[in-house]
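Asks: Below, each chain spelled out in residue letters.
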Amino acid sequence: MKVQIYPPPFASLTNLDEDGMMVLPPGARLFTVYRRLKIPLVLQPLVICNVNYQRMKLNTQLKDGDVISFMLPLAGG
Amino acid sequence: MRGDFLKGYCGKILMVDLSDSTFEEIEIPDMIYEHFLSGVGLGAYILYKYLPQGADPLGPDNILGFVSGLLTGTGSFMTGRWLAVCKSPLTGGFGDANCGGTFSPAIKQSGYDGIFLKGQSPTPKMLFIDNNGPQLLDAADLWGLDTVETEAAINQKITANKKLAIATIGPAGEHQSLIAGISNDGGRMAARSGVGAVMGSKKLKAVVLAGSKMIRSRDPQTIKTISRDYAKKVKASNLPPLATGAMLPMMGKSMVATDKAIPIDGMLSTAIIKKWGTGFTNTMGMTMGDTPVKNWKGSVADFPYRKYRHMNPDQIQKHETQKYHCYSCVIGCGGVCDINGISKGRFSHTHKPEYETVAAFGSLLLNKDRDSIFIINELLNRGGMDSISAGNTIAFAMECYEKDWLSPEVTGGLELTWGNAEAIVTLVEQMIAGVDFGAILQHGVKKASEILGIESAPLAIHAGGQEPGMHDPRLDPILGIHYSCDPTPGRHTIGAGSYYTYMRIWEDVTWAPKVKLGEDKNNEYEATNQVGLKSMINVCIKQILDGSGGCFFALVSGLNHFKIFDYLNAATGWQKTPNEYMTIGLRMQTLRQAFNVREGINPRDFKMNERLSGNPPLKEGPLKGKHFNIDEMMSIHYQFMGWDKKTGIPTKTALSDLGFCDLEMEGATHG
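Chains as they are written, first to last, in our numbering: chain A, 1 to 77; chain Z, 78 to 748.
In short, the hints are calculated from the structure, not lab data.
Positions of the beta carbon are idealized from the N, C-alpha and C atoms, including for glycine.
Take these hints with a grain of salt, some might be off.
Calculated pairs, BS3-like style, for lysine-lysine (alpha carbon to alpha carbon, straight line, at most 30 Å) [said to hold, decoys possible]:
(1) Z:K445 <-> A:K63
(2) A:K63 <-> Z:K701
(3) Z:K445 <-> Z:K593
(4) Z:K445 <-> A:K38
(5) Z:K701 <-> A:K38
(6) Z:K445 <-> A:K57
(7) Z:K239 <-> Z:K84
(8) A:K38 <-> Z:K352
(9) A:K57 <-> Z:K239
(10) Z:K239 <-> Z:K445
(11) A:K38 <-> Z:K591
(12) Z:K696 <-> A:K57
Covered by chain Z, according to a simulated footprint, are these stretches of chain A (three or more residues, beta-carbon under 8 Å) [stated by the list, open to error]:
(13) 3-9
(14) 23-31
(15) 53-59
(16) 63-70
Please put together the full structure from these sequences, using the hints given.
Replies: What follows is the structure in structure tokens.
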């Protein structure tokens, strides 16, 4: 199955195509995405990750077409 | 309002002549809205049509407009901003500034899309509009009051069936400081372009609105559905409990650790804005290199952690007693802070300082005294002065002082050493009052440099006379294009490579290039076609946003969430495609540029100070060695806008293609 990933800046991009899609085995869970993006353990408390714009636990089972977003702040004022 | 108006707009404006106290309602044909929307587009149309060529910006011929957005009041979210427009006394070209709060819907509830004022009153006046129509009232007793005092006095004086919406100037606008703004909602500022000076020149102290007319749109149900979906996503976006302001510098570092572009979901950025407002950039911008230091010549090495940690937004939040939202906003970045103790009883509270103010009076001046920034924030809000321009101007003075070009004799004894908070506060007070050494700085950095001598010009950081926002183009060169190429130069919200990535416009606009994961960000330091196209797209969508009354934070939360094109179609009943709206955005910007050309502006003269393009490059910090050729960047932008690549003047072909001849605006083609 394929899910859309909006990765944080410090993530490994090797498992994503140029549109940010990641191929996962059926029944994969959110922690697999964390692992494949190689998000450092120390930064994990900082990261906001939503699945389809809802906060989900790391063991959430994903399905084809899910949108997984990691927060990245932006400038403004 | 005409009976058939179910289009989100009112279809008319009010023109007030302050010289003879007369009022004229002017009906605006549908075609004008279809060509220019409302907001900044309608403002540009009115100025182009009614303002005499060569008008003195501070004379009776200038026109000052208060314009609402097309989407304001239609039930759409994040669309409550109003625009002040005029010929800018700061740049000599098109001037505009925008602000949130509650003033924008009040304009339309008065029955007008815009309220425009020409002429000059011999005595101070305020314009009052309720459902019985407009009237000019004496305001002599208000002249001399600050913006907060003025609102309080008006609320005492006028009784209405609803809460009054008030826009006013403070002392800075009264004595026509060229960096004066217009305040509403107790010190929120439409700060840029010197719009407050124009209001002061007209002896107009305030515009007070109490109308309650309906704003109707074509398809309110669709608007409601879009709004509900957006609100649901914003509500779900929250920071984890462990996230604190102390972590922001690390996040800043991580963002510049890679040269690869990473398209993000902007929606989740709303979580951080909900928590801290714009203040999250206070410290994060330091490690990214986004925040300017020491009059733009320094880096985080000059203002290290032990200093910038005082700007940690958590420390600022400690004073926050209340959060607030603008009209129709679901994010709520605003706050009110208790500063009674800090100011020793002088002020009870202030709006939570925006990032722009914190940076302009913090790192830019090497000032680590957070308390002084709270006080300066309130002084500027009450005095009615632009914090970006004021901070840049003081930074210039400090660099001159450092070079011994200014002595304590000239500054009236003020020791303008970097970081001298006491001197900075005193200087801000002097600038607002227009007295002592502040009289030299009160009109912004360009004028100050002209007074102090030609050799100081390289230290005067501005673009076309207007000081830049607190975001560094050496980090994001497309930002520098907009500082230099916008008809109202020096503004940080027009466009940037990062904004382009966040808004994901390629999902709506078929010809917009997609940002691919892993693209090399360093490509944006070259004047390529890709850069030209992105900068042009930034401009077009920003005009649409400003024509709609939209909030910048909604735009960068992503157009895949903030469905502005669908909102516009639902409000008006039009069936335009995103591509067609982008043509409207292009037309709006081209009209503003044509206005400048008509007023004798050479667009190339708006080029920002070369220090901002890394000439010379910084020697330390995250932007060490970064530079780009701003002249080439301007050329490529002009080319993609359909303007002459060398001069920046809109070409006859472009004007014709955009339909200016059909609009009986042939004058625009004379460029």
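Asks: It remains to establish, for every hint, whether it holds in the given structure.
Replies: Hint check:
no. : hint              : in the structure
1   : Z:K445 <-> A:K63  : 50 Å, violated
2   : A:K63 <-> Z:K701  : 44 Å, violated
3   : Z:K445 <-> Z:K593 : 40 Å, violated
4   : Z:K445 <-> A:K38  : 37 Å, violated
5   : Z:K701 <-> A:K38  : 29 Å, holds
6   : Z:K445 <-> A:K57  : 40 Å, violated
7   : Z:K239 <-> Z:K84  : 25 Å, holds
8   : A:K38 <-> Z:K352  : 27 Å, holds
9   : A:K57 <-> Z:K239  : 47 Å, violated
10  : Z:K239 <-> Z:K445 : 43 Å, violated
11  : A:K38 <-> Z:K591  : 25 Å, holds
12  : Z:K696 <-> A:K57  : 45 Å, violated
13  : 3-9               : holds (count 4)
14  : 23-31             : violated (count 0)
15  : 53-59             : holds (count 3)
16  : 63-70             : holds (count 3)
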